[in-house]
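Student: Chains as they are written, first to last, in the working numbering: chain B, 1 to 117; chain Z, 1001 to 1116.
Derived from the structure by calculation, the hints contain no laboratory data. A quick note: this is a predicted structure, and the numbers were derived from the prediction, not measured. Cβ coordinates follow ideal geometry from the N, Cα and C atoms, glycine included. It cannot be assumed that every hint is accurate.
To be verified - Short, incomplete list of chain Z residues facing chain B, as computed with Cβ under 8 Å:
1) F1035
2) G1043
3) R1095
4) P1104
5) F1106
6) R1108
Stated by the list, open to error - Label-pair restraints from in silico Cβ distances:
7) Z:P1116 to B:Q80: 26 to 32 Å
8) Z:K1070 to B:Q17: 48 to 54 Å
9) Z:Q1002 to B:P61: 37 to 43 Å
10) B:Q80 to Z:T1020: 44 to 50 Å
11) B:S73 to Z:D1026: 33 to 39 Å
12) B:D57 to Z:D1026: 24 to 30 Å
Listed below, chain by chain, are the residues.
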Amino acid sequence: DAGVIQSPRHEVTEMGQEVTLRCKPISGHDYLFWYRQTMMRGLELLIYFNNNVPIDDSGMPEDRFSAKMPNASFSTLKIQPSEPRDSAVYFCASSSASGSSRGRIQYFGAGTRLSVL
Amino acid sequence: AQKITQTQPGMFVQEKEAVTLDCTYDTSDPSYGLFWYKQPSSGEMIFLIYQGSYDQQNATEGRYSLNFQKARKSANLVISASQLGDSAMYFCAMREVSGGSYIPTFGRGTSLIVHP
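This is chain B alone, in the form it adopts within the complex:
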C-alpha cells in the first residue's frame, strides 16, 4: 500500500505569491494532520481533520493559512500571500482510529520544503 503522498517535494516562490501544498493520505485512514517543521520551533501541528472535517485549527499561524479536505483522499494547505517566514518543511500525516491503539500511529509523507524569497 502506498504511503502518504505529498506534492510538490520542493517549492520556491516569491513573497506575496499563493502556495498550495497537496496531500493524499493512506487509504482507509480517517485522520489527517498538517505539520510545519523549522529549526527554531521544531515540529508544530497546524491543523487536523477527522473524516474530512477540520477538528482543531488552533495551530494555524495566521489567516493567510487555510486547509481543506474535500474528500477522504485529498487535502490541501494554502498560504496566501506567502512570506519569507513561512519557509519551512510542511508535513502531512495520516492515521486510523480503528482497531487497537497501534492503529493510531501517524504515518508521515515525505514533506514539502517551502522556500519563500
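Go by the hints and put chain Z onto chain B.
Tutor: For chain Z alone, kept in the frame of chain B given last:
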C-alpha cells in the same frame, strides 16, 4: 511544562555499537502511547516503534527497542549494532488518550551520528 523532553541534542556512536537515546515525558493520563520516529537527512519522518502505557513488555522492532520505565516516566530508544544508515534525527512523541484527541506531542529531537 514540556510534555516530552529529549535532553541530548547530539549523540555520537561507533558503528556496530549500541546507543541509547533518552526521552522523558510528563502526563497524568493513565492511558497513553509513546512513539519514536527517525528523520534522516532526506527529510522524511519514519515511524520506528510504539509502546502503550499498559504494555507489560518493552517494545522491540528489529534492532530498535524501547526501554520503558513507567515509574520514571522515561521511554528511551535503544539501537543495537548501529549502522551508518542510522545517522539521523530521532524524535520521541507521546499521545495522551484523555479528551479523545489522540494528538501526539513531539520532542525537539536528538541528532545521532554513527562513525565508521
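Student: Close enough to count: is the Cβ of F1035 (chain Z) nearer than 8 Å to one in chain B?
Tutor: 7 Å, holds
Student: Quick one, is the F1106 (chain Z) hint okay against chain B at 8 Å, beta carbons?
Tutor: This hint holds: F1106 (chain Z) lies near chain B, its Cβ roughly 5 Å from the closest one there, short of 8 Å.
Student: So the hint says 24 to 30 Å: do the beta-carbon atoms of D57 (chain B) and D1026 (chain Z) match that?
Tutor: 25 Å, holds
Student: Classify the hint on G1043 (chain Z) as holds or violated, based on whether any CB of chain B lies nearer than 8 Å to its CB.
Tutor: 5 Å, holds
Student: Holds or violated: the hint that R1095 (chain Z) contacts chain B, with Cβ atoms closer than 8 Å.
Tutor: 7 Å, holds
Student: Do the Cβ positions of Q80 (chain B) and T1020 (chain Z) conform to the proposed distance bound of 44 to 50 Å?
Tutor: 45 Å, holds
Student: Does the interface hint hold: is P1104 (chain Z) within less than 8 Å of chain B, judged Cβ to Cβ?
Tutor: 6 Å, holds
Student: Can R1108 (chain Z) be said to touch chain B, with a Cβ gap under 8 Å?
Tutor: 5 Å, holds
Student: Go ahead and decide if the range 48 to 54 Å is satisfied by the Cβ distance of K1070 (chain Z) to Q17 (chain B).
Tutor: 50 Å, holds
Student: Is the hinted range of 33 to 39 Å satisfied by the C-beta distance from S73 (chain B) to D1026 (chain Z)?
Tutor: 37 Å, holds
Student: 26 to 32 Å was suggested as the range; check whether the CB atoms of P1116 (chain Z) and Q80 (chain B) agree with it.
Tutor: Cβ of P1116 (chain Z) to Cβ of Q80 (chain B): about 47 Å, so the range 26 to 32 Å is violated.
Student: Taking the beta carbons of Q1002 (chain Z) and P61 (chain B), is their distance inside 37 to 43 Å?
Tutor: 21 Å, violated
Comparing the model with each numbered hint stated earlier shows that hints 7, 9 do not hold.
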